[in-house]
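**Student:** Keeping their order, the protein sequence lines are chains A and B. So in our numbering, spot 44 of the first sequence is number 44, and the numbers just go up one at a time. So in our numbering, spot 117 of the second sequence is number 117, and the numbers just go up one at a time.
Read the hints as simulated data drawn from the structure, not as lab findings. As the structure is a computational prediction, the values presented were derived from the model and not from experiment. The beta-carbon is built from N, C-alpha and C at its ideal position, and this holds for glycine as well. Keep in mind that the hints are not guaranteed to be accurate.
As the list claims (entries may be wrong) - Beta-carbon label-pair distances, calculated as ranges:
#1 Ala90/B with Tyr35/A: 15 to 23 angstroms
#2 Ser135/A with Pro59/B: 40 to 48 angstroms
#3 Val95/B with Pro34/A: 52 to 60 angstroms
#4 Glu104/B with Lys107/A: 20 to 28 angstroms
#5 Lys93/B with Gly134/A: 22 to 30 angstroms
#6 Ala158/A with Pro59/B: 34 to 42 angstroms
#7 Leu27/B with Gly54/A: 42 to 50 angstroms
#8 Ala9/B with Trp28/A: 18 to 26 angstroms
#9 Thr32/A with Glu104/B: 50 to 58 angstroms
Unchecked claim - Some but not every residue of chain A turned toward chain B, in silico, with C-beta under 7 angstroms:
#10 Gly9
#11 Ile79
#12 Ile101
#13 Asn119
#14 Thr122
#15 Tyr138
#16 Ile142
#17 Val144
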Amino acid sequence: MSGSGKRSGRIGAVILSGLMFTLIYVFWTGATDPYDISIFTVLAFGTCAVFVRGGIFPRPGLKKIAYAAAYIPYMVVEIVKANLDVASRVIKPTIPLNPGIVAVDTKLTTPIGRTVLANSITLTPGTLSVEIKGSRLYIHWIDVQGHGGEEEAKMIVAGFEKYLEVIFG
Amino acid sequence: MEILRLAGAIIVFIGSVFLFLGGLGLLRMPDVYNRIQAGTKATTLGSMCVFIGLGIYHPALLSRMLVLLAFIVITNPISSHALARAAHFAGVKLVKGSVCDRLEVEEAEDAASGSPDPIGNDTINDDRPAGDLGGGG
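Bound-form chain A, shown alone (with noise of 0.2 angstroms):
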């Protein structure tokens, strides 16, 4: 049970489910009716408290918070990276590629923590998370430096695990 103390218990997690419920409810509709909005938030709230189980979610703090947020713009910009670098491979005449397929540990402990660095992973320029055992992750590699040892996988990590280890633990 591994980090399990920095998790959020059952009532945080239906807190947190049924406010994000609500949240996506209101972005969807575009309801602005009071009388709408209370109606779906006791019925979220509701369907979350028979539901939703503890020790999924890490436990909300400031500092998680405010890594969270730096987070998005983050990956806004590996995106954006991603799509220039795969963009300009594929319109030259001879798609300059040096694939492989690398290993890695991560330091990350926590499974929801672990996909949410392998879907970053994926979106990134130039690598596809291929499977995780354990700790260990296997990442498609577009261009791979050297010879594809442990040394030059942990670049491709290195980046995500500074936010996420403090998000997740």
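Go by the hints and put chain B onto chain A.
**Tutor:** Below, chain B without anything else, positioned relative to chain A:
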């Protein structure tokens, strides 16, 4: 208002250019994994641009487009990861000239040392208490 509509149209155009390049990459790349790479990245930014551009063109739709954007960003990498993983376990090899395939090497090592589960489902560290199969979250 006109300037907003112009900006929206330009952003939608940029998005469609990225989507086109993604399709071109899908055709031109040499093997499954590289094709998945081109497909994922280009469609992510392409759809993001199309949604944002549409939201600017029709401001009433902007909040709805933000929800769609969040779902695209969450689900796109998951689907491409599932495709790549399935391809690897179906035995699809990397293109000739690839540098290394650590996953295949380490799997062969596991098989040689007599690991009972080559796919590695036993080793997924899910920190859940035993017997708790409830969904949610």
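**Student:** So, for every hint listed, does it hold in this structure?
**Tutor:** A quick look at each hint next to the structure:
1. Ala90/B with Tyr35/A: 15 to 23 angstroms: violated (53 angstroms)
2. Ser135/A with Pro59/B: 40 to 48 angstroms: Holds, since Ser135/A and Pro59/B (Cβ atoms, about 46 angstroms apart) stay within the stated range.
3. Val95/B with Pro34/A: 52 to 60 angstroms: holds (59 angstroms)
4. Glu104/B with Lys107/A: 20 to 28 angstroms: holds (25 angstroms)
5. Lys93/B with Gly134/A: 22 to 30 angstroms: holds (25 angstroms)
6. Ala158/A with Pro59/B: 34 to 42 angstroms: holds (40 angstroms)
7. Leu27/B with Gly54/A: 42 to 50 angstroms: holds (47 angstroms)
8. Ala9/B with Trp28/A: 18 to 26 angstroms: With Cβ atoms ~24 angstroms apart, the hint holds.
9. Thr32/A with Glu104/B: 50 to 58 angstroms: The hint (50 to 58 angstroms, Cβ to Cβ) holds, given that Thr32/A and Glu104/B are roughly 56 angstroms apart.
10. Gly9: violated (13 angstroms)
11. Ile79: At about 6 angstroms, which falls below the 7 angstroms cut-off, the nearest Cβ of chain B leaves the hint on Ile79/A intact, so it holds.
12. Ile101: holds (5 angstroms)
13. Asn119: Because about 4 angstroms separates Asn119/A from the closest Cβ in chain B, which is inside the 7 angstroms limit, the hint holds.
14. Thr122: holds (4 angstroms)
15. Tyr138: holds (4 angstroms)
16. Ile142: holds (6 angstroms)
17. Val144: holds (4 angstroms)
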